[in-house]
Structure formats: C-alpha cells, structure tokens
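Visitor: Given next are the chains, with one letter for each unit.
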Amino acid sequence: MTLIAHELRLLLRSRMAALALLLVALLSCAAVVAGMAEIDRQRDVIARIQPKQAQDIASIAQWVDKEKDAGSAAYYSFHATWDTPAPLAFAALGLRDVAPYILRVRALGLEAQLYDGEAFNPELALPGRFDFAFVLVYLTPLFVIALFHDLVSGEREAARLRMLDALAGSGRHLWARRVGLRGGLLFLALALPLSIGAILSHVPVGQLLAVLGLVALYLAFWIGVTLLIGRMRWSSVANAATLAGLWLVLTLVLPTIAHVAINRVIPVGQGVEISLAQREAVNRAWDIPREDTMRAFYANHPEWKDSPPLTAAFHYKWYLAFHQVGDESVAKKVADYRNAIESRDAAAHAIGWLLPSVGVQSLLTRLADTDMQAQLAYQDRIRAFHKRLRNFYYGYLFTDKPFGKADFDKAPKFEG
Amino acid sequence: MSAVSLIARDELRLMRRNRVAVIAFALLVLLTLAAALISWSHQRSIAETRARFQAQASEAFEAQPDRHPHRMVHYGNFIFRPLGPLAAFDPGVDAFTGNSMFLEGHRQNSANFGDVRQSSLLVRFGQLTPAFVLQVIAPLLLIFLGYGAVARERERGTLRQMLAQGVSARALILGKLLALALVAALVGQPAMIAFLLIAGQPGALAGPMLVIALGYAAYLALWAIITILVSALVRRGRDALLALLALWAVLVILVPRVAPDVASQAHALPTRLETDIAIAHDLHKLGDSHNPNDPFFTAFKERTLRQYGVTRIEDLPVNYKGLLAVEGEKLTSRLFDDYANRSFAVQRAQSGLNDGFGVVSPAIALRRLSMAAAGTDLEGHRRFLTQAEAYRYDMVQRLNRLQADAVSYANDTASDAGADQRKRISAGHWHEIPPFRFKSADAADLVKASVPGLGLLLGWLILAGLALLPVARHLQKARS
Chain A
1 MTLIAHELRL
11 LLRSRMAALA
21 LLLVALLSCA
31 AVVAGMAEID
41 RQRDVIARIQ
51 PKQAQDIASI
61 AQWVDKEKDA
71 GSAAYYSFHA
81 TWDTPAPLAF
91 AALGLRDVAP
101 YILRVRALGL
111 EAQLYDGEAF
121 NPELALPGRF
131 DFAFVLVYLT
141 PLFVIALFHD
151 LVSGEREAAR
161 LRMLDALAGS
171 GRHLWARRVG
181 LRGGLLFLAL
191 ALPLSIGAIL
201 SHVPVGQLLA
211 VLGLVALYLA
221 FWIGVTLLIG
231 RMRWSSVANA
241 ATLAGLWLVL
251 TLVLPTIAHV
261 AINRVIPVGQ
271 GVEISLAQRE
281 AVNRAWDIPR
291 EDTMRAFYAN
301 HPEWKDSPPL
311 TAAFHYKWYL
321 AFHQVGDESV
331 AKKVADYRNA
341 IESRDAAAHA
351 IGWLLPSVGV
361 QSLLTRLADT
371 DMQAQLAYQD
381 RIRAFHKRLR
391 NFYYGYLFTD
401 KPFGKADFDK
411 APKFEG
Chain B
1001 MSAVSLIARD
1011 ELRLMRRNRV
1021 AVIAFALLVL
1031 LTLAAALISW
1041 SHQRSIAETR
1051 ARFQAQASEA
1061 FEAQPDRHPH
1071 RMVHYGNFIF
1081 RPLGPLAAFD
1091 PGVDAFTGNS
1101 MFLEGHRQNS
1111 ANFGDVRQSS
1121 LLVRFGQLTP
1131 AFVLQVIAPL
1141 LLIFLGYGAV
1151 ARERERGTLR
1161 QMLAQGVSAR
1171 ALILGKLLAL
1181 ALVAALVGQP
1191 AMIAFLLIAG
1201 QPGALAGPML
1211 VIALGYAAYL
1221 ALWAIITILV
1231 SALVRRGRDA
1241 LLALLALWAV
1251 LVILVPRVAP
1261 DVASQAHALP
1271 TRLETDIAIA
1281 HDLHKLGDSH
1291 NPNDPFFTAF
1301 KERTLRQYGV
1311 TRIEDLPVNY
1321 KGLLAVEGEK
1331 LTSRLFDDYA
1341 NRSFAVQRAQ
1351 SGLNDGFGVV
1361 SPAIALRRLS
1371 MAAAGTDLEG
1381 HRRFLTQAEA
1391 YRYDMVQRLN
1401 RLQADAVSYA
1411 NDTASDAGAD
1421 QRKRISAGHW
1431 HEIPPFRFKS
1441 ADAADLVKAS
1451 VPGLGLLLGW
1461 LILAGLALLP
1471 VARHLQKARS
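So the protein lines, in turn, are chains A and B. Using our numbering, the first residue of the first sequence is number 1, and each one after it goes up by one. Using our numbering, the first residue of the second sequence is number 1001, and each one after it goes up by one.
These are calculated hints, taken from the structure and not from any lab test. It should be emphasised that the depicted structure is a prediction, and the values quoted were computed from it without experimental measurement.
The calculated lysine-lysine pairs, modelled on DSS-like cross-linking and capped at a C-alpha distance of 25 Å, are: (1) A:K68 - B:K1285; (2) A:K66 - B:K1285; (3) B:K1321 - A:K68; (4) A:K405 - B:K1285; (5) B:K1285 - B:K1301; (6) B:K1321 - A:K66.
Sequences and hints are given; from them, build the entire structure.
Guide: Here you go:
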C-alpha cells in the first residue's frame, strides 16, 4: 500500500501527468454535462409540444364538429409521435442531432411522411457533437499516449532504468504497479463523471457497468498498444510520434476509408425512389375507376369490404383507401431500402471488430439507443401507430359514423 | 540571407534522410490523391444521379394526363439540389442536408434523404475529402516533421555553437521555417491536382478556387510557423512534440466540436412541429376558409365581385374557386417565408457564434472559408431552399390561375356523374410550366462569403509571424 502511495506521489509530482489526468476529468465532466443538457433540452421539447398539439387538435375539432365528417378529421388532424431519449442517451448522442425525434403524421400515405426531416443547422452537425463517446473514442487515446509513451523509455533516458531493474524483487512488480496506477487513475477520471451522470439520469446499473467495462477495455487496448511500442526500445520522442500516427490512422483515416468502401459496396437505392413511386401510385387513383382502388384496398383490408358502395359524390374512404394502396404498392421498395441501410449498419458494426474506435462508438450508441437501429425502431413505432390511426378513422368512414368533438379524444395516443 | 537558405537546405536534407518522415510524407500524398479521386468520382455520381432523378421527375410531371389543375397542385413536383463542381473538394454540409424536395400546394416540405440518414455511423467520423486531409491531417505531418527543428539543436548543444559562430537566431528560425514551409507547399500539391480535375468541369469558378487555394496555403503556413514557434520555445524535443500534439488536438478536434454545442444551446431552433402548428394558427387568425361568415374571406369575395362588376359568384367571368386558391396560397406562402426567415435567422446566429470560435481555432476559420467558397455551406443550402420555395409558389399559382381561367365555376362545383370529366383541362397546360433550374451562386458572392474566414486566417498568420520576433530574441539569449 505504501508502495502505491509512493508511486502516486511520484506520478503527481510530474506536472504533465497531473495536468493530463486533470484534463481528462474536466473533459469527461464537460462532455457529461453537455450531453445531459442536450438530452434535457430534447425532453423539454417533447414535453413542450404536447399542449400545443392538444390545442391544434382542439381547434380542428371545433369546426369539424359542425359537419361531423370523419374524413375531414382524418385529413386535417396531425398526430404527434416522439422518440423519448433512453437514460444513457446523454453519453452518446449518436444520430439524435440529425434524425428527427419528433414527427407528426396523419392517416394519409405514410411513405410520403416518414422520411421528413427536422429543422436543424447542418453546419453544427457537420463536426459531430461533443459527448462522452467523443471524449472516450478520440481524446482518451491521446492522453494514454501522453501518460504511457515514456513509461520505460523515460527512465532509460534519465539513466535510472538499470538501477530500477537491478532492485531486488521489484522488476516486473514495479512496472505493473505503475501501469495499474496510471491506468486506474485515467479510468477513474473518465468513469466518475460518467457514473454520476448515469445515476442522475437513472441509467440501469447493468447498463452502466457495461459502459464502464467498455471504457476499461478501450483504455486497456490503447495502454496495450502503447506498452507494445514501448518494448521497441525507441526513444520517448519516437514512441510518441509513432503512437500519434497510429491514433490518426485508427480513429480518423481508416474509419473514413471504411465509410467510402461500405457506401460503395452496399448501394442504397435512393430513398427518393420510394417517394417518387408512391406519389405516382397515389395520384393515379384520380385517373382510374374508383372501384379498382376499392377492390385493391379491400383485398388487403377485407374487414371493411361490406361498406356501402361509392356514389358519384366524393367520399373520404376512397381518399384514404388510395393513399393506403399507394403505400402498399411501394412495400417492396421500402423493404429494399431498409435492408440496404441495415446492411450498411451491420457492415460498420463488423468493422468495429477491427477498429476499436468504431467498435466502441457503435456499442456505445447501441447501448444509448441513439444509433441507426434506434432510428429504424422509431420508424417501426410510427408505422404501428399509423396503422392504429388508420384503423381508427376507417371505423368511422367505412360505416359512415359521424365524427363529433368527443370522438377526437378517442383517437389512438402515441406511446413514447 | 545565405545563412537562411543554408539552414533550410540542411534541415531538408535531414528530413530526406529520416526514413519515417519520408514514409509519412509519401503516405499523406497518397491519401490526398486517393481522397481527391474518391471525392471527385463521388461528386460526379451524385451530380449524375440527381440530374437523372430531376429529368425523370420533370418528365413525369409533363406526362400527366388531362386533369383538374388542383390535382396537379397536389401531384406537385420533385426537385433536386445539384452539386457544384467544388463540392468534390469540400462537400461541406451536403451529406447532412436533404437533397430532394417535394413541392406541392399549401405545404412546405422538408428536404429529405440526406446521406447521413442512410449511411452507417461511420459518416460521423468525417469524410475522406481533400479538404478533410488538408484541414485535419496535414498539420499533423508538419508537426511530426518540424517539432524538433529548433528543439533538437538546443538539446544537442548545436544551437549554442551556431549562435557562437555568428548565425543569428532570426536566421536560424527563418531557415527552419523556410524548410518546413517548403514541405507544407509540397503537402498542398496533391490537393491542387484535385483542383485541376475540378477546373476541367463546367461551372467551376476561378475566383472561389483562388480563395480556397489561398486559404489552405495560409492555413498550412500557419501550422508551419506554430510548429517552429513551439519548437523554439520548448526546452526538449519530446515536450515540443507533446505540446504541439495537444495544441493540434484542441484546435482541430476539440474546439470544432465544442463550438456547435455552445451555439445550439445559445440559440434554440423551434421544431418543425411547432412551426407547422404556429403557421396553422396564424392562418386561422387571418381567415377561416371553413367558415362562410369569416370576415377576411367575405371581404375578399366582395372585393372580387366589385372588381368584376357583378353581384353573384356564379356571374363572374372567372372561376371563383380558382381565385380563392390563388388568394389562399398567397397567404400561406407569406407565412412560410416569414417562418423560414425566422428559422434561418436563428441558424445564421448559430453559425455566426460557431464561426466566432475561429478566433480560437484556425481550423474553424478555414472550414468556414472552404465551405463558403465551395458553396457547400448553410447559405448554399439556403440558396436551394429559397429557390425551391419561389419555384413552388410560381408553379402552384400558375396552376391556380389555370383553375380560375380554364375551369368554369359551374363545372368546378358540380358533383354529377360526368362532372369529373368536365373539370379536367388539357395535359398541354402542364408543359407550359417551366422546369426547375437551380441558379448557383456567382463567383463574386462566393468570394464575398469566404472573406470573413480568410480574414481570420490571415489575422492568425500575421499574429503567428509577429510572434516569431520575440521568440527569436529569446533564443538569441540562449547563447549566454
């Protein structure tokens, strides 16, 4: 114990080591605070829209109530959906700054609504956000390099190495103690702010432990690399330069090359093709016999096929039917598009096994539920909600049931 | 002066002998060339795809059958943001913004299908472009090659010897700087080859290209000076390397990430949902088209009737429903413009605050200059959005006027079995609506937009250059 205390005193007497540890702790704190502020803001926005949304529906209810036409209610009512951030989201903001976490949909064709974006400043999204994942993935290795590159070579250059090696019984224990101490302090500097943030955000203990394990592993990787380079018996300067070069290649150069490669190998048939095809299908309905549309609709929705036939007058059930038929006509394209995005995502995860920087980032965003999978899951929830919405309005339209003020409250509610 | 060139020549010879330095330099050159080629072919394929989609969408629009004009208002049109040639050098925010937009009546849709939402998480690690290589990686190479330039002489004691032999510290620093600046110029060369590729394309503008070349030259020169400065100030080579690496990590990696967070917390942007609700609310306040007794629409009706000297809507020589559509679109569009301007004012404030960090980080200043000159910044995207809205408005109003002039009010309000056919007008009308043509910014605008970034960079350069003087004086004292 006294030996450790002694080593600690030695370590902290080096101005650079103390400064580096302090900086890591500060950066980690700042990243946790910034991440939590951003997630708080997103939660606030989600809370803020609820009364506005209710007000919007109330004003529509007021005039729809006069004619009690379920079609007008379906056409004019937009329903809010939102993607509540997971407790751990503050640690890795992932895609939450560029993909919408709030989307309004109505019972018309979903494929024309699902891909709408949120208003955001792309110049701010371009460099990426400052969150714990960034501090861990990009900055921590640099501090590892700063603290470990001269572990042995520094003693050699100070001409103490032979003496240290000659000390009876110390040998290996000494280096293990030093590595353990530096690594442990670095881990604490990262883990303490994160754990405090996680406890404040009610992150489940298991998840926090998983993240801490990830932090430890990533640290261990970089410490291992640094020690390996240290074994080459080069000078401290050569160690530092080589390690910085390795860091550059592993966190900046190879991921960007992998990105280009993935997007080349797995082409995503442009999403806009879905929009173009769906729009053709929907608008064509005005130029073909309406019975054709209804037949196509009833084929997939037989529960409504006993609805009274259309007359010459406009009826919203036909309108909603052709929107749905339009959506169904592009189902294959939608599935292809999604599969391609998922394969790109899977390829990136696979690369994570080779590139620790990518691996840690992808695992963190997975745990934080802010990655592509989380985005797709949100889209699935929107799809399910849209289905409930449609069925709700169909219940009125296909039975010609009047839709009064009270019926607005019966509409399905999205569960974040 | 010969002392300066002698020292520079000596330094360069030393670098040439350093195998690691030569390999690192060769790798960077290869990386830049690869980035240039990849980026160029990527930009070409994007430009082609978008042009193809644009042609397909325009064709589909013109191929629509006889229809009621209002159906065409809802059929709408798709437009695509073309990608300028300089995007091959610096694609800026292109991957982060949607690049296609659906234009229809009464609604203003978002630009959709940006790359960032259909790529893997790797897109957030940065994109391999010549701009990225020069902004982020090239300074590191200069640091590796230059950190020991002066510190090494000091460590080995050769500094004292040289000073004693009458070489002035100023000549020493200038010589070392000259050598590193030459390397910097060589590092920038491959990117200039990329420029030559781009210059061959139609639409490449000489002015902005010159500004970009100037900006990157200033940026690399700045890093050469910073490297020599630190090398001259710090006692040991290792400390110089660590200090420079720390400086690089803060200026190039950390600050550009922190700045956007500060900007987005300082200026909150309303969500689309809130904007949509606010527009609907404002519209409702202006006039309620669902209410037959609404004062605004009653006044409009009376004004129209008076204008044509009739007493009943049915007697108007034009279709009243078409006029109403024109008026309605006018109201909504005004609100769209109003809210879009507000949103952009917030975004501009955010970007302004973000750019302000260019005082702290030259990388931010360079990025601003680079994107602005390439026309791939927020303003470039806004240019597209503004033209899209103008086109949308023009298209919708042309169709609304067609409804007023070419469809009779009696037919438009009829609901008998044959009414649907009588409401339709000839498909020839769709050809009269001109296709969307994006007007890219002209050279003068791009150059003007890049001036603030260039100014900041030159300020940095001058400041760093001036800092060399006291450092040289300090070094001279090392003699005693």
